[in-house]
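Read off the chains here:
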Amino acid sequence: MPWTRRHLLTIEELSVEEIHQIHATASAFKKILGRSVKKVPALRGKTIVNLFLEPSTRTRMAFDMAAKRLSADVISLDGNSSSTTKGETLRDTAQNIEALQADMIVIRHSAAGSPLYLSNILGIPVINAGDGAHEHPTQGLLDTFTMREHLGSLKGRKVVILGDILFSRVARSNIHALTKLGANVTIVGPSTLVPGWFNALGVTVSHDLRSALADAEVVMLLRIQHERQTSGMFPSLGEYTSLFGLNKTRAGWLDPKAIIMHPGPINRGVEIDSELADGNRSVILEQVTNGIAIRMAVLYLCAGGQPEQVVSTE
Amino acid sequence: MPSLWISNARIIDPAGKRDEVGDLFMANGRIVSSLSAADKKKAKKIDATGLVACPGLVDIHVHLREPGQTHKETIETGARAAAAGGFTSVVCMPNTAPVADTAGTIQQIKDSIARTACIKIYPTGCITVGMKGQALAPIGSLKRAGVIAITDDGDCVQSNELMRRACEYARMFDLPIMDHCQDHSMTVGAVMNEGTVSTRLGLRGWPNAAEDLIVARNAILSEYTGAHIHLQHISSKFSVEIIRRAKKRGVRITAEATPHHIALTDEALGTYDTNFKMNPPLRTEEDRLEIIAGLRDGTLDILATDHAPHTDYEKDKEFDYAPNGILGLETALAVSLDVLVRQNKFKLAYVIDLLTRRPAQIVKLDAGTLAAGAAADVCLFDPEEKWVYDAKAGFSKSSNSPWHGQTLRGRVKTTIVDGRVVFADGRITR
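Residue numbers (my numbering), protein chains in the order written: chain P, 1 to 314; chain V, 1 to 430.
Read the hints as simulated data drawn from the structure, not as lab findings.
All values derive from a computational prediction rather than experimental measurement.
Positions of the beta carbon are idealized from the N, C-alpha and C atoms, including for glycine.
All the pointers check out, no bait thrown in.
Derived DSSO-like pairs (lysine-lysine); straight-line CA-CA distance at most 30 Å: (1) P:Lys46 <-> V:Lys317; (2) V:Lys364 <-> V:Lys413; (3) P:Lys86 <-> V:Lys315; (4) V:Lys317 <-> P:Lys86.
From chain P, some residues computed to sit far from chain V (all C-beta separations above 12 Å): (5) Arg6; (6) Ser27; (7) Gly45; (8) Thr57; (9) Arg58; (10) Met65; (11) Lys86; (12) Ser191; (13) Thr204; (14) Ser206; (15) Leu237; (16) Ile266; (17) Gly269; (18) Cys302; (19) Gln306.
Listed next, with one range per pair, are the computed distances between beta-carbon atoms: (20) P:Leu285 <-> V:Glu286: 43 to 51 Å; (21) P:Gln306 <-> V:Gly270: 28 to 36 Å; (22) P:Glu149 <-> V:Asp390: 48 to 56 Å; (23) P:Lys86 <-> V:Asn28: 55 to 63 Å; (24) P:Met1 <-> V:Lys347: 52 to 60 Å; (25) V:Pro138 <-> P:Lys86: 38 to 46 Å.
Please work from the sequences and hints to get the whole structure.
Here it is, written out as structure tokens:
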């Protein structure tokens, strides 16, 4: 089946086949990353604009890196330096970027739905690099890619997502990706941050860490944001850690071969003990590296490339 | 002014318990029981075969944006939209710029109404100074200047103590207090109903409980003070149950539902279309059905549109940043006929009652009846005609409607105010 999608807005709208195509393409690009010359000419002459209206380190660097590995020209704009601070609307900013002859736009925005909004306005591909608490599709793709590298097929595998689910776009994109790939997903954390509404997304909602972690093959931690505490979502970081922090004892409840994941940035000593974050079951830095390959795949495919052509572009 | 003779209409006048095919006569701006043979000869005759003639519709909840936000709507354009929708009396909210919290601003609004409006418009004043919820507005002066109710609509008085005093004070003038029921502390940053859909879309949720709490608060304060509190745009299932119970107890509250809350649910927000963003938000199917049940058993007294114009460029934004509110005046009748009469088998006369006599009663307007001697405010509509609603070609200055481009069934043909045709065949005639 040829790749036909021009925008990557959500994982929710992707078919299983499309997820496989992205993973396969990323796999081919990952081989290139291991070479001494890490560049292919696939997007030579194309200009990609990274419009990051919300702060980001990892995602932005990975998109930057991915575009450069594909030989595209990259321009990055952030919220502080763009005209949005002067009151320019997103529509006007984006239309100007298109008028400047950009070939693709990667957007990170605090408002859910803004990538979809842009895709309805612009004639160029729009890639969602995270929209509010909605989705972060490339993160969900790179996380499931990493899981598959370790576990093979995810069908019937138990995956636990632990932490601040309510406001997490990473959680939502992973939930969609994992349920499409057939995994059994449990989300766990304090009841204020893991509300029952999520049942409708086809996951098990839990507030009991022990039963949630039992025999899990993957545990994915989400960053606990300090400001949640002041807004009354839970009493203190200390209490969070004592109830839901991942430590060595609790990691013992997992399947012996389980991997530990985190999209970053990590709060060491809050959601995860340092020794686990740095331990041999942690794949946190692999996630970062895979993030480049996944974004190369997404940029390449949405620019009109086909999965099977990756090799010939080398 | 020529006399008017509407012939062969299905005349529905809930106030007079009338539903029959016949003729309706108007002279000197009043409904009359008959015209003399000589007057009939000179009368302007409107053949209303196949049409319903009912009292001009009454909407006690509209935003006309004047003064200060006349890029969205003006009293003139809002009145035209109302006329096109069959409304002959509307009550405008005071959240203008400046807000209507002084007699001077009320006078300004009344002057503009007298100068520019083709229908009857009645102003409301604020409950609190600047609509800030901190100190009582000069309610007595507002009453003297002509307001028919007080409200901080768009906002909600959070202090129970201040609301209690507002109730006690307004009761002295027998002014109804209209309240937009929302606990602000529970809705910080909220842009849609809290539930499975907001969870999926990653949008901040506005829980039913934030409405239910204030509805209950208002029932309690109304009982305690004896003031008449009118609960605006009820959207939550439990709120309906609270109101039902309070009314059984004899509490002096009334309540309204909007056409959008009986027609739509939060499932409509899947594409982040800001023309479905309003406050209170669209809720779930369960809520929608309970609101319809509340209208059926009289728990909810009336329909009101919460007509809230915003320009295209204000609505054309990220969902989080777009303002709340949608148009309602030009679509209310067709949507209500569809949902209540066709889908839920309400009697047509009952739905007309929800849109005429009852809302007039709540704010004690001399409107909503076709009794002889009453003001000749009449709406003629074809309950079956299908038409495509083009919000951009509508009479409102704005076009923010969820029904834009849709085929609606039930169309206003003629609107008459004080015996004068103000809207006919798709045109404003006055």
